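If you read the sequences in order, they're chains A and B. The letter at position 1 of the first sequence is residue 1 when you use our numbering, and the numbering goes up by one with no holes. The letter at position 186 of the second sequence is residue 186 when you use our numbering, and the numbering goes up by one with no holes.
Hints listed in this document are in silico derivations from the structure and should not be mistaken for laboratory results. Remember, predicted model here, so these are calculated numbers, not experimental data. Every clue listed holds true.
Some chain B residues near chain A, calculated using beta-carbon distances under 8 Å:
id: 1; residue: Ser158
id: 2; residue: Gln162
id: 3; residue: Leu166
id: 4; residue: Ala168
id: 5; residue: Asn169
id: 6; residue: Tyr252
id: 7; residue: Arg254
Backbone N, C-alpha and C define an ideal beta-carbon position, used for all residues, glycine too.
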Amino acid sequence: MLEFRDVTIRRASRIILDNISLAVSPGEHLALTGPSGGGKSTLLKAALLFEPVDEGDVLWEGRKITPANLAAHRSRFLYIGQKPLPFDGTAGEYLNLPFTFAANRRLRADLTEQDRLMESLSLDPALKKSPYSRLSGGEQQRLTIIQGLQLERGFCLLDEVTSSLDQESMRAVIRHFAQDKGRTVLAVTHNPEWMEFGFTELRLESGKLRRRE
Amino acid sequence: MNETMVISIPALVMFAVILVFPVLIFRHLRLRLTRDLLISMARMAVQLTLVAVYLEYIFKLDMALVNAAWVLVMIVVASGSILRQSLLSWRKCIWTILPAHLLTSILILTGFLLVFDSQTITSARYLVPLMGMVLGNILRSNVVALDRFFSELRAGVSVHIQYLTLGANSEEAVRPFLRNTLRAAVGPQIGTVATMGIVSLPGMMTGQILGGSSPAVAIGYQIMIMIAIFTAATVSSFLAVHFATKAAFDSYGRLDESIFLHKP
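Could you build all of it, start to finish, from the sequences and the hints given here?
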């Protein structure tokens, strides 16, 4: 369980997060909404301590995250941002990128699983042979999502991952996460569509969080 | 004809009159560069005069140890100048850039030993101008590399985070940035090398020909120095950025803003 306990974050004397407490239970599907610049992305990054926390703590299963247990903490999460990663090579090589990292060397890419994920996000598996840089922003974004989904990470932090997608692929992406009951999802979004797929809305406004059932 | 014609000081002063043209163009465009231009030119003249005096002395002395010390001074000054131009904190980054340039210089000197015997290369007449050319020509690529690396890293914070959460270690996570950085820093030089001799008559060759060497001798040096400069530019840019990443992140893997001179 991920927990923010009395977290306050200030940036240049402005309060971004004001004494926020939030516990995300396993399997929960949350959509984090609110005005732009309101600290949604900051909250997501603070979950992984990529943003310094001025007051309060970030905890996992009740234990405070420190540099000592940070690597283990981060390895439970999948973080996907708005921008696809820059990459030279084919789309297939891009999907295999995580398996080239030393930490994942004992894992292997499951090519049939890749194809299944591509079809589920309405991408043609034949795209794998295309140079990644030639694909559209929407295609790159979905490949980035698939790239991460191949890793067995129980907790997804999504930062406006559908912003560059058309209506159809956007719904395919949201549906995929909504149906993935085994994963906990915290998705920053401006799009009400996530709630239609059963996500619980968390609204962040003026540094305060409100849960809307 | 082996003696080069001496340019007298009055002749130089007269020649400087042609600076009127850039100044007129600046005034015409209302570009406020005149002051900077005149100060830079004056600085250059003073520095070169001082160096000439100093080099005369070093050349007369011609002791391997003194020559090496002078190269060391050049390395420190070059490192400092790179940090200043990349807007990086001297205090925080000098220990990352200095080793990069020391290692590069050792590599290049080892290379020179394949061409010259140790007596020749450690003599002032060879060591000082050759290392000076190499160090002087890699400043630009180092500045481009560091500048590009940190600006891309700042713009791509989420990309960096994403790599880290995909399981990349700190080195693997900066690799895409490092790749772009090196392409920007030394890529254009590959093009410059290809046009050498046709578009530009290179400085070292010009100098040697004016100094009385035959063009055949001059090209040997020119080819050698081009290889040395390109190798040094690539190795030093790579090492400078590589070592800088060690200082740039805190224990949470976050970019430490205190290494920059001006906060964004």
